[in-house]
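Let the hints inform the model, and build the full structure from the sequences given.
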Amino acid sequence: QKEVEQDPGPLSVPEGAIVSLNCTYSNSAFQYFMWYRQYSRKGPELLMYTYSSGNKEDGRFTAQVDKSSKYISLFIRDSQPSDSATYLCAMRISNNAGNMLTFGGGTRLMVKP
Amino acid sequence: GAVVSQHPSWVICKSGTSVKIECRSLDFQATTMFWYRQFPKQSLMLMATSNEGSKATYEQGVEKDKFLINHASLTLSTLTVTSAHPEDSSFYICSAPTSGWGNEQFFGPGTRLTVL
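Residue numbers (my numbering), protein chains in the order written: chain A, 1 to 113; chain B, 1 to 116.
Since the hints were made in silico from the structure, they are not lab data. Remember, predicted model here, so these are calculated numbers, not experimental data. A couple of the hints might just be wrong.
[To be verified] Cβ-to-Cβ under 10 Å is the rule here; a few derived chain B residues that face chain A:
no.: 1; residue: Val4
no.: 2; residue: Gln6
no.: 3; residue: Val11
no.: 4; residue: Leu46
no.: 5; residue: Thr49
no.: 6; residue: Ser95
no.: 7; residue: Phe107
no.: 8; residue: Gly110
Where is the CB? At the ideal position from N, CA and C, for every residue including glycine.
Shown next as structure tokens:
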């Protein structure tokens, strides 16, 4: 079993839909959770960075962490074709600079106009 | 966010040659940088952790003599793929954590290596 599981998709939605992307993990020591967006042939771009359980909102994006269930989510409101990309969840045990990230496999999202 | 650059963005080389990839943090210093490899439609696989002024730490299964890492300064790390073979063809991405509260990791744009 992988440490971080993520449905690979593809997930296809119409423009304007609310998108829900999810990851589950097995290591209860993870405390810092991130979502990255990666366009084809580009490096990942940091979207959201949260600590412990709770919600964090930034524009159309909301990140949710439920540590008791070992489950994190990214919600995208009013999805746009430009949101079409692969979304990677990532997590780490501490925020020490030398601490590595553990990634999910990524979910490919397609938003159709 | 912070900016990390990579050079070159794309390289084709003959089998048996060596290729050097540079990773630079443009507006911050990074004592640690990370090197990843990504195959098509797969997630990032951590290869090694590059430490300024000391030896890199390699992940299990990554050959340190094949993938030479040098972290010569607080803004530059290099990955050299030695004696490249077609199976080394991949997308290589570096990242660097900033020194803010969360030490967020920012990624470079990646280098696509094709070995003929």
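Practice task
Mind listing which of the numbered hints don't hold for this structure, in increasing order?
Solution key: 3
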